[in-house]
Every structure is written in structure tokens, then in C-alpha cells.
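Position chain Y relative to chain R; hints supplied.
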Amino acid sequence: MTLLRQIRYLTLRSIRARWLRFILSGFGIVLGVAVMLSISVTNRAALNSIMRLFSNTSGSAKLTVTTSSQSTSGFPDIVLRTIRNIPNVEVASPILHITTIAADDASPEQIAFGLFGTQGTGGLTLHGIDPAMDPSLREYKLVTGIFLQDNSTKREVVLVETYAVDKGLQVGDWLEIITPNGVESLKIIGLIAREGAGQINNGSFGIIRLLAAQELFNRTGELDQVDILTTDPNPSPIELDTLKNNLQLRIGRGLSVTYPSSQGERMTQMLQNYQIGLNFMSGIALFVGAFLIFNAFAMTVIERTREFGMLRTIGMTRNQVTGLILLEAGALGIFGSMAGISLGMALARGLTTLMGVILNQELSFVEVPFNDMFFSWTAGVFVTFLAAGIPAWQAGRISPMEALRVRGKSGEGWLISEGWKLGITLLVISTVLLIANPFPFDVQFRLGSLTVFGLFSGATLLIPNTVHSWEKITRPIIKWIYGASGSLGSRNIQRSRQRTTLTVAALMVGVAMVIMTRSMTESFAGDLRNWMSAYIGGDIFASSSVPMRSDVGQRIDSVPGVEAVAPIRYFNVDWQTADGVEQINFMALDPVAYARVTDFVFSDDNTNTEQVVQRLQKGNAILISSVLSEKYGLKTGDYIELRTRSGYLAFEIAAVVVDFYNQGLVVQGTWDDMKRYFRINDASTFFIKVNEGQSIDEVKRRIDDLYGKRYRLILISNTSIREQALTLMDQAFSMFDVMALISIVVGSLGIVNTLTMSVIERTREIGMLRAIGMTRAQIIYMVLAEAGLIGVIGGVLGVGTGMVLARILFIGMTTMSGYQLTFVMPPEGILISLIAAVIISQIAAIFPSRRASKVKILEAVHYE
Amino acid sequence: MSILKASKLRKEYQLGEHVVEALKGINFEVKQGEFIAIMGPSGSGKSTLLHLLGGLDSPSDGEVTLGDAHLSQLTEYQATLARRHNVGFVFQFFNLLPTLTAEENILLPLIIDGKNPNEYEERLNHLLDLVGLHDRRSHKPDQLSGGEQQRVAIARALVTEPAILLADEPTGNLDTRTGTSIMELLQRSCRELSQTVIVVTHDPRAASYAARVIFLRDGNIVKEFKPSSKTPLNERMSGIMSTMQALES
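Chains R and Y, in that order, are what the protein sequence lines are.
Take the first sequence: its letter number 341 is residue 825 in my numbering, and every next letter is one higher.
Take the second sequence: its letter number 46 is residue 89 in my numbering, and every next letter is one higher.
No wet-lab data here; the hints were simulated from the structure.
Fair warning: there could be bad hints in the mix.
[Said to hold, decoys possible] Covered stretches of chain R, as calculated for chain Y (at least 3 residues, CB under 8 Å):
#1 498–511
#2 1162–1170
#3 1269–1276
[Said to hold, decoys possible] In silico DSS-like pairs for lysine-lysine, Cα to Cα no more than 30 Å straight-line:
#4 R:K1338 to Y:K183
#5 R:K671 to R:K638
#6 R:K671 to R:K1193
#7 R:K651 to R:K671
#8 Y:K48 to R:K1340
Every residue, glycine too, gets a C-beta built ideally from N, C-alpha and C.
For reference, chain R alone in the conformation it holds in the complex (with noise of 0.2 Å):
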């Protein structure tokens, strides 16, 4: 009951009064948590998708047989009949894979990129089935016409129904598509519902007999995947365990059974560090949402200090007293953290949208679950109380005698005056600790994260002792900008240093966050450029969506203006690391096609490039990237052992190379290698090289015009393409963009905040300015210029802090990862901040300003 009167009478009461503060210190809990969830919420929708996508394609398969190398040559299907003799094994269920498009398509134009690997392949993806038994596991829901009766080479297809919509189609239309042998064509009898498997490839997908695809793509006798259902439909972990035992020792090392699951873990394991920086970037977030509450309490407690002098006075004991602070920052905490749910509600439908054209992926919202719900919730009640803590704890100690004082003291505490020492030992400490790194354990970067706020909070408490020396800088500019009363307004700072330095230190944040952001962007686009120009290497790059064999390549060398045309194949191998078996990509290249077109970019600057070429042409030999050398601590002369097709091969490393293709973890080998150890002749991609003087366009037009349609090739500049895999970049950090700019928002309302109680607590000082002759116009420059100020020092702050803090997240991203990027600090990023911040603080300041300037000079004289 004494709760509830207090509450009543004092808590509800003092809320009520300073009700706009409550509400701006509400913004930052509600921002904070609202990012939490919106991260969380799309990181999970993002998962979801991956692992739908999979489970789309193994439908309910318990266990799935794929080849170890995925080549396109498949595996034999006498291994159906293996499978299916073994004991516990009821359906086994053959698929083979398709990729092609349909022929009157135009000529396609895109090349469809993912950062994390889900590249839709921008065509048709066919499945063939065995019609009596994939309905078994994968669920087809037909809308019209019927499903595929028995397997034979009949040519009908069964389509999702959006695909058809969009390509005009309907049941009894044929389908034109195109596969090695040409325009064939195949009899629409169906059309499913864009669920279950019709979600594989977007919708932009259908199902075949198996024999007919073999037949149609030549691939007679071969499959690329089998699933499996098992005698008892839930069979225990152990027992499905023993089984997958079982069947990989029947079917032997080639061929490898997986849980259906497995194969979306890789991809999500990708996405991973991603998840792990935007987690990182809405705890920040949150973070600067606590500067904000602790500033805003601070400001009530320096305020309130008569009154709380006056409630020890008369019998409030200490306890009473704090308890009143943490009531208010309860009630903060818990309506604003509702608040921040609904928002990151909203939020994370933006950002999931966001996130599915950064992943070429369909993302659906997914309902937000209650737990997650939950744990924003419980943050953004735990933060808000923390940062009250401090405060409440001084109201407490407020002295009874503040009461009979004729002001409010404003004492600074220990930490104002003193802080500076242990500012200096954090910011030593955590820069230590973050360049040294020893949690290579902690994956998730909590740790880490740790350092950041230990940095932040060092940088912090050395505001206080530097804000007089920031004012006698400024005090020309400021003056020259504001006039007379501008320079009493950025004065003003020094009055209250707990206060300038905790917003100060909000923007501080804010503007690191976008230093860090924009520079990590650039640096990764800067070596993404110069990657991409060997990557991509010659001026034209040719890719298809039918396999390519390797003669279209001396064809295209025959076209007039082609310097040079190299081949490059890109399958999976294994690889036998001393942990186990490590899944990377071979890059099959011809060295010396490849070193005419372009150039090989080797991590040491002192490589020779004609002996690498020279040992790669002996055979047996590869070149690694840079992030499996560092991973794994290999050099040149060292060997690895990857598994071919006659079984584990070593091979000798030629060269290091800078190669950031499929995360980096990728070799490049020769095509003669290629051809004698995995059996494959066919190309993904060829790079051309154009006649030096030669316009690139006409080239291109000239190779589309004599074999674009026959082989259907995409044909496309590697300048375009660069520019689409800078723009893909770019959406991917649009999300730490988002971030940042959240952060800034927020230290922008603890500038509102600040200034606002810096009027009302002038509001006599103002009147008597006014009285003796200050101008509205000079009252409304006075707070402009202490906002400036604030803006000035938050801004420097933050681009040093996040310079410092860039520079150290980069240095262990390339350790922890093995990319080694340039770094670059973009000079107009720079500026772009600063100059964001001031605008920002002078936007924040326009309310307190136009709220001082209309101060009553009678009223404000008398103001107590």
C-alpha cells in the first residue's frame, strides 16, 4: 500500500510535470529495443527462409544421398537399387537437378549474385522425379490439370501456377525449353500451388519425369540426389544415426548421406559474422538509448535535489528516496520497452524486406515469437534500470540540508572531475584487449562487445576535463557564426559537465557507428573492386544457363576483336584438413588462357607469376586463397589432400591468392587437372579479353549476335558487374546504415533533452538577459551555438573513436576471417559526419531554442 501511495502521489505526480522528458528519455528505451527486435525478427526470417528452401527441396526426407563433388555429372542410378535393399530404408526417391530456361525467354541480361551463396539462378529449376514416389515426401498441391502419372520419357511437365501466370501459360500449352540438343518442348498437364516444393527457386520452378530429363539433358543413368523415407516414420536419433552409418558404408566414399538439415547449416553458418555485426550494431543502439535515460535521470535528480533534500528532511530514508528514481525508471523501462515492440514490429517488416534483396531470397515475415518478444522486453527494462541506477543511487545520498540551501547544488561528482584517470585506463585496456583479441572462443562477439562499451565509456569520461579547452578553440568560430551571444551560449557547456559530457558522448556513438559502418563499406568495396577485375578478369564476362562445353570458348576466340578467352569451372570438393573434411570450391582455370586475360592476384606482391603458371602446367598442383592459408597456416610447397574422383589426391600449393569467391574458401587448379582427376569438360563461365583499341560494347554485340542464342549465353561488361556486386555490397551494409543513423537519432533527443532543462533552469538567467536588452533572435543563437558546440565535440569524438574502433574491428576481422583487405577511411565520410553532426544538433536545439526565446521577462525574473 505505501508502494502504491508513493507511486500515487510522488512517481505518477513528477512524471506528469515533466512529462516531455519522460517522453524523449521514452524514445531512446523505445529505439533501442524496437532495433533489438527488428535484428532479431529478420535475422530469424532470414534463417528460416535458408532452412525452408532446403526442407523445401528434401521435403520430408529423413536422410538424402547427394554426390560429395557436386559435379554435374551426377551419380550412377544403380545406387537406387543399393539403397533401397538396405534393411529400414521404405522409399528411396530419385531426383535430378535442371537448370534452364525457357526459350522464349530474352535473352537473359542478369546475373543473378548473392553475397552468402543463394544466388537464384535466374531461370527454370526442373526437377525430375520418379512420380510414384516423390509425392510421397515432398508435398505438391495441385490447383488445376493433373499430376505425373509414371515415369517414362513422356514430355509433360507440372508447373507452378504463379510461373505459368507470369509466362502466359496454361494447362495443354507447351512449354519450350532449352537444353543441349536445343528448343525442345514439353506438354503442361498441371499447375501446383506456390507452396511447399513450389516455393523451390522462387515459384520460378517444375517437375519432369526423371527418364525425361535424363533423356532431354543427356544425363541417361545419372542422378543427382535420393532421398529417403524409413520404415518407421520416427525413428530415434540413434537409430536414424546407425542407418546413415549404414548407408554410407554401402554406397561408398564418392557419394556422401547427409540429415536434410545439414545443407542449409552451411549457408547459415555464412550468415553468421553478418548477424553477429547487426546483433552488435542494435546493442549499440540500445546502448546510446541508456545514455540517454541515465542523462535524463541525472537531469531529474540535479532538479530535484531541493525536493529530495526536503523529503530526507522530513523522514524519507535513503532507500525511499532511490526507490522513488528506479518507480519512475520502471515505469520508463516497462511501457517504453512495449512501445519499442510495436515499433520494432513495423521496424522488422522494413528490415526483412531489406534483408530479402540482400539475399536474393523471398523472406516472409514471420510472427514475431513471444520469446523474442520477451528477451527485447526484459533488455529494455534491465537497461533502463541500470542507467537510472547511478542517479537514483545519488538521490539517495542527497543531503537532508540541500533542503534549507536557497538552490539546488549541483555537485559533480568524482567521475567529472576525476574521471579522466580511469577513462584513460579503459581506453587502454579495451584497445589492448580488442587488438590482442583473446576470445577467439567467443564467436558471438559478446566479449567483444564488452571492449566496445569499455572503449565508449573510456572516451567518455574524458570529456568532462577536455570541455573548457573545446570552447576556448571554438570561441572565434562560434562567434563569428553566432555573434556576441553565441559565444555566452557555447560558455554555457562548462555549467553543467555531467551533462554536456553525456550528450556529448550519445552523439559521440552515434557518429562512431557511422565512421565505422562507412568505412568498413569502403574497405571491403575497394578490394572488392580490385578482386573483382581479376575475378571477373578480361573486359567481357560469359556465362550461361545451360552447361557450356568447352569448344563454345574457341568459338567465341574465333569472334573478331576477342584478344583472348579463358574457361572457368567452379565445382565442390573435399578437402581432408586435419580436423575432418572441409567442403570448398575448386576454381578450374587454364593458367596460361587465364594470365593472357587477366591477372592473377597473389596475397605475396613478390610472386613470380610465370613460375606459378609453369608449376601449375606440371599438374597436381593449386593455388589457395589467402583465407585458407591463414585459416589453416598453410604457405606455398605445403600439400593438401582433396578427394577426386579415384580418391584423396594430395596437392601441391603453388601461390597464395587473394580470391574472396565463396567466402574464400576456394582453390584454383588447372583444366587439365579438372578434366584427368574429376572428370568434368564443361565451363561456368568464360572471361574475355577484347583487342586493345576495340570498343567492349561492340564486341559483345558481335559475340551475342553469332552465339547468344545458340548457347544462351548472358553477355555482360565487367564493369556493369562490378557494379552490380558493389550495389549488392552496398544493400548488405544499408542494414548497419540503418543502425548507425538510429543510434544518431537517438543521441539527437538527448540533445533535445539537455537543452531543454539548460532554458528551464536559465529561465531567470534569460528573462534578466532579455530585461537589460538581448534580442529573441540573439536568446535563439545562444542555445543554437551551446547546441553547436555539443555538436562539434560529439562529432570529432566520434569520428576518432570510430576511426580507433574501425580500424581495431578490422584488424581482427581479417585475423578471425583470413580476408585481407585494404583499409580505407573515406575522407568525405569524414566530413559527410561532422558536418551531419552539427545539423543534427542545431535541428535537436531548434524546440529549446524557440521555448528560451519566448521566455516572459516578468515572469521569468520571479521564476524561483
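Quick look at chain Y alone, frame taken from chain R:
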């Protein structure tokens, strides 16, 4: 019967490198229902004395006894409770909560003590009668005049029926007429409620309402002035003024 006793009360402050002795061993006693004024020039130690008597601060040496409690031996928490139950405060700047109405401000000490204010309706009405604010009970402080605010503060100080009421310059922020009415109010509470009142003031007119005036200079009690109850107010005032002039010269 003595209700408050100060013995050998000393208080030192550290001011930079200097030690300032604000009180130099003060002894005095206050009886139940007494009305005392403490006077003295600036820096004489009168405010320090009030702080020590109210348990707001602890002495460097000596003892303050309030009823049976030795204030200087209490913990911070015990001292808070002692203030809550036994001491009423009236300040120069009223110190009302701007967010509460007059009657809520009066009831505040009870609310802090966890009491149900509804059960104190009778006491509230009695106090509103005493301070003459029945018709202003629902007004917020900013709707009240200075004098009215100080009346609310006095009612708030009396609501717990404290053993002593300490007032620090209660008329310092008021005009002469309002100040007079406040002092009359304190006198009435002393007479009608047998309330012990100690007022610190530098205003001889305010001090003239007290039954005993204690003069301080440089941390010592230098004189006591105890006029007979029949002495007219202006005579008391001139007596006090001449003593003050003598002390300040």
C-alpha cells in the same frame, strides 16, 4: 520537563586547508511547549545548531538528546526515522512539492511513513483550521501566495505531531505582514497544541514572538533574553534589537 538537550556541542568544518569551528561547545535545554528563537549575526553558527538539533548533521563532539534518543549515536537510517516521527521542519523557501495539492503536501510525511492518509482526515481538517487554508486545500503551490505556502509548510511540519518543530528563517522570504501572521501561527501552535518550537531567524520582529531568545556569536551562546509574558511585543523587539546591535558592534 526537558524535551531537547544539547551538551558540549561542537562542530568543525574543513574549508580548504582551514578548519572552521562553527560551534564551540554549546549547552542548552528546551522544555516541552517552549517557543525559542535563535539569533545571531551571519556566521554565528545558528544554522549549524539547527541542523544538529534536527539530526540533519552530526556534531564533531558533544551530544544532542531528543526525548530519550541520543541523536549523535544514531545510524543514518535511525536518524531518518527519528526525524520522520519527532521533528517537524519549516524552511525559508517553503519547499513544497509543486505537483501535489496543499492538502497532499500536508499529508506527505504520513504518506512517506506508510500511513493511509484517509485515516487522518480529522487531523488534516484541524490543521487546515489552524493555518486557515480550508478553502485553498485543493490548490497547487503555484496557485498559493508565499504566506499561504508557508502555512502549508507549517501544517506539514505539524502533521506527525512532532516533539519539536524547527523553523529556519520562516519569514525570510515573506513581507512583514505575512511574516507576522506566520509567527503568530507558530505562537498559536505552541499555545494551543503545546508544540515545542525553535526558530532560527535574524529578524528581531520574528524573534519577539518567542518566549526565550538565545543569542549566538562565533559559535558560542553569548546571551539569553527571556522577557516576561506580559511584556508588549514592541518592547521585546527593542530589547532584542539592542542586544543584536551590541553583538554586531
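Mind listing which of the numbered hints don't hold for this structure, in increasing order? 2, 3 and 8
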